[in-house]
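Trainee: In case you want the letters, here they are:
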Amino acid sequence: MGTWSRREFLTTGAAAGLGVALGPGAPGSRAGAAARKIKFAGWAYNPQLVAENAKYFSQKYGIEVDYGPLPWPGYQETMETRFFGGEVVDVMYAFHPYRERWYRNGMIRSLEGFPGVDEYKKMMYPANLDNLTASDGKLVGLPYYTGFYILIYNEPMLQQAGLKPATSWEEVLAQCVELKRKGLSQFPYLPNWNRGGTGIAQQFMADCFSEGEYLWDADHNPTFEDGGVAAQKVLERWRDAYKNELVPAEILTKTSSVDAARLMWTGRIAYHTTHNYYLKRMAEPGSKDSLLAGKKAKMALNPGKTGITYSFTEQYVMSTKAANPESAWKLIAFLGGKLDNDFYVQRKWSMIEGLNAPYRDLYKDPQVKEALTQWCDPDIMEKQHEKSRGITTFKAPWYSEYDAKVAGLLQEIVRGDKTVGAGLKEMARLAKKLKKESA
Amino acid sequence: MKGVAAVVVRPGRVATRAAIRGERLSDTCFALFLVWPALAAIFLVVVLPLLYSLYLSFAEVNLVRRTVRFTGLKNYALVFTDEMYGDSLGRTAYFVAAFVVETTLVGLGMALVLNQGFPGRPLLRSLLLIPWSLSRIVVGVLWEGILSSQFGVLNGILANLGLIDTYIPFYKHGFGALNALVVVYMWNQAPFAALLFLAALQAIPRQLYLAAQVDRANAWQQFRHITLPHLRPALLLVLILATVNGFLMIDLIFILTYGGPGNATTTLSWLGFQTAFRHFKFGIGAAILYTLTLICLGLTLAYIRLLYRSDGPAAGAV
Chain A
1 MGTWSRREFL
11 TTGAAAGLGV
21 ALGPGAPGSR
31 AGAAARKIKF
41 AGWAYNPQLV
51 AENAKYFSQK
61 YGIEVDYGPL
71 PWPGYQETME
81 TRFFGGEVVD
91 VMYAFHPYRE
101 RWYRNGMIRS
111 LEGFPGVDEY
121 KKMMYPANLD
131 NLTASDGKLV
141 GLPYYTGFYI
151 LIYNEPMLQQ
161 AGLKPATSWE
171 EVLAQCVELK
181 RKGLSQFPYL
191 PNWNRGGTGI
201 AQQFMADCFS
211 EGEYLWDADH
221 NPTFEDGGVA
231 AQKVLERWRD
241 AYKNELVPAE
251 ILTKTSSVDA
261 ARLMWTGRIA
271 YHTTHNYYLK
281 RMAEPGSKDS
291 LLAGKKAKMA
301 LNPGKTGITY
311 SFTEQYVMST
321 KAANPESAWK
331 LIAFLGGKLD
341 NDFYVQRKWS
351 MIEGLNAPYR
361 DLYKDPQVKE
371 ALTQWCDPDI
381 MEKQHEKSRG
391 ITTFKAPWYS
401 EYDAKVAGLL
411 QEIVRGDKTV
421 GAGLKEMARL
431 AKKLKKESA
Chain B
1 MKGVAAVVVR
11 PGRVATRAAI
21 RGERLSDTCF
31 ALFLVWPALA
41 AIFLVVVLPL
51 LYSLYLSFAE
61 VNLVRRTVRF
71 TGLKNYALVF
81 TDEMYGDSLG
91 RTAYFVAAFV
101 VETTLVGLGM
111 ALVLNQGFPG
121 RPLLRSLLLI
131 PWSLSRIVVG
141 VLWEGILSSQ
151 FGVLNGILAN
161 LGLIDTYIPF
171 YKHGFGALNA
181 LVVVYMWNQA
191 PFAALLFLAA
201 LQAIPRQLYL
211 AAQVDRANAW
221 QQFRHITLPH
231 LRPALLLVLI
241 LATVNGFLMI
251 DLIFILTYGG
261 PGNATTTLSW
271 LGFQTAFRHF
281 KFGIGAAILY
291 TLTLICLGLT
301 LAYIRLLYRS
311 DGPAAGAV
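Chains as they are written, first to last, in my numbering: chain A, 1 to 439; chain B, 1 to 318.
So that you can see chain A by itself, here it is in the shape it has in the complex (with noise of 0.2 Å):
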């Protein structure tokens, strides 16, 4: 090998950098290429279908896709951040408590205008509509998919302890209060009562509803504070489940859903009240991981006065800064819509991950169909789809903010450090002084 002189070094590395500079990453061939490319980002769930799917599309359609899975903890925070440092994601997914922050703040852009959205509008189910349109009432995102919480029932140990599913959250409790007499489980009840960004909080809005609260008025104020409706109620049960030993002490410090999931996977638990889609890994058959594999863990309708349940969408939206916004909103409509009248990708994620879709159109899909047999009763889940419903108050700017801070609150009600009187009211004084601060 020779050796080059200093001259020779320095010429070679000018000539280097001058070509890097003047590549396909110069400044004056990127318009050219950001009109034939899109950028699309979205937290690491399924990575692999992802970008199987974003290769389906760029064949199809002929558009390149630049897809970036990024890690769920901290998605937020690095699309913020990327968006700050000017780089553009053209399309990317969106968490919904953090969807109005990002519209508001123009990071993101309206769907309004693009061809279908009306359509789209009217295939959806409303709660779904309402949960991918912004504070102004103008259509925001396509679903990536909706999660809505359902009781799940160990079937096997209600059958040793001959009991019948529970049709109230009374019943609940008291067979849960015989499995433990009996021995049959140490901790029969799993409410998702999680740290994370989808437990205690969800789960609380979703016995809420069940009973007829609905948390929130119109104008995002709460309407809590002295009990509620049914708040009260619901808190107090959750504190005799907790008192009772009913409920596994560790969930309140699961940091996630699927990690709540996975103590029911054990076996030991007789119900579980978590999204549905947890439904698929631990009851379709041949699933490694459960030992309620093959329909051992059952779903059954919500119980309370209304049987009502909380559902949210997760979504894809369009960069404010989309290079080719017909391009963009095509991938979008791709992904969360029935491009070229097919539900491709909708259908998938309810095939495989048993994602379920906003559109009412799919439960009556052969294929999904079938598949969502394998591992529920198609029937009940689309009842207690249709039986659900989300809140607006995640579109006030400083919702994201109360939803991170309730999550503690609520589990110091749970364990006793405040009573349910004073709790409510403490979530009632965070809601209001957060809206003031943001007003």
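Since the hints were made in silico from the structure, they are not lab data. Every residue, glycine too, gets a C-beta built ideally from N, C-alpha and C. Among the clues, some could well be false.
[Claimed, not checked] Label pairs and their calculated CB-CB ranges:
id : chain 1 : residue 1 : chain 2 : residue 2 : range
1  : B       : G156      : A       : V177      : 24 to 34 Å
2  : A       : A218      : B       : L39       : 52 to 62 Å
3  : B       : G156      : A       : K243      : 18 to 28 Å
[To be verified] List time: in silico DSS-like cross-link candidates among lysine-lysine, alpha-carbon distance up to 25 Å:
id : chain 1 : residue 1 : chain 2 : residue 2
4  : B       : K172      : A       : K432
5  : A       : K298      : A       : K288
6  : B       : K172      : A       : K182
7  : A       : K305      : A       : K164
8  : A       : K233      : B       : K281
9  : A       : K180      : B       : K172
10 : B       : K74       : A       : K243
11 : B       : K172      : A       : K433
12 : A       : K383      : A       : K298
13 : B       : K172      : A       : K435
14 : A       : K435      : B       : K281
15 : A       : K138      : A       : K330
16 : A       : K418      : B       : K172
17 : B       : K74       : A       : K433
18 : B       : K172      : A       : K233
19 : B       : K74       : A       : K436
[To be verified] Listed below are several chain A residues computed to face chain B (Cβ distance under 7 Å; list not exhaustive):
id : residue
20 : N105
21 : A249
22 : L263
23 : D417
24 : T419
Using the hints, position chain B against chain A.
Mentor: Below, chain B without anything else, positioned relative to chain A:
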């Protein structure tokens, strides 16, 4: 030699003071020329972010709108009047104190054992480093599997030995959860403390112990009057590192408790992280974390004063 104006600087060459000064100046310039890239890198990646984050602690930041508005001491006023800050400070103080004591004692104990000659010592010294070399995310996941009240190994062993009838929920009580975090973090960090102590132990001259034995000093007296004074520099380093690490620890909280149950394991670092990166209040988050920095700095100075108030074998060694 006082007053002599000529000094030999190189064999066979005599230089005046002025010449020496000139040469020194030239050396200094040359040295600066060599180190400026490193200094610039340090300025860019350490000093500048520190100054910027300090500025952020006096400002209101909207990341998406790219606005940074100076608000003076408002963030600090908000922090100090927040009940959560006071509670977290108390928890942090307990966590750091327990962690520093446990890490120091366990690290010292391990070092003393490994300083003795016994078969398998080299292997044991290598194994000692494994907990420290693991990523803390791995440590968290590992201990989650050990301490779980549903499928934890520890509960399984205790139940199989007939020592417990029902599994123990280690995180049920907030104080228990905080202590569980202390133990897990100590398990991760004590080996490094042991390594530092071991290096210091091996530097102690053997003759001192032989002389002490001639004077009929017992084991405790040897430890108290020979070992401990010689360990002072290592002890200072361990105390400073453990204190700073204790204050800054968030990764195990992230994996094991997420600040719960309730807010029972919410320390200042976790509160600052959550405020900045979950609530997107970067100014207030920075203010919380700067108070933590000041506490760390104060404690470090206190350690130095405490350990070096009198001259000893190791005074000034750090």
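Trainee: Could you check the structure against the hints above and give me the numbers of any it violates, in ascending order?
Mentor: When the structure is compared with the hints, numbers 4, 8, 10, 11, 13, 24 turn out to be violated.
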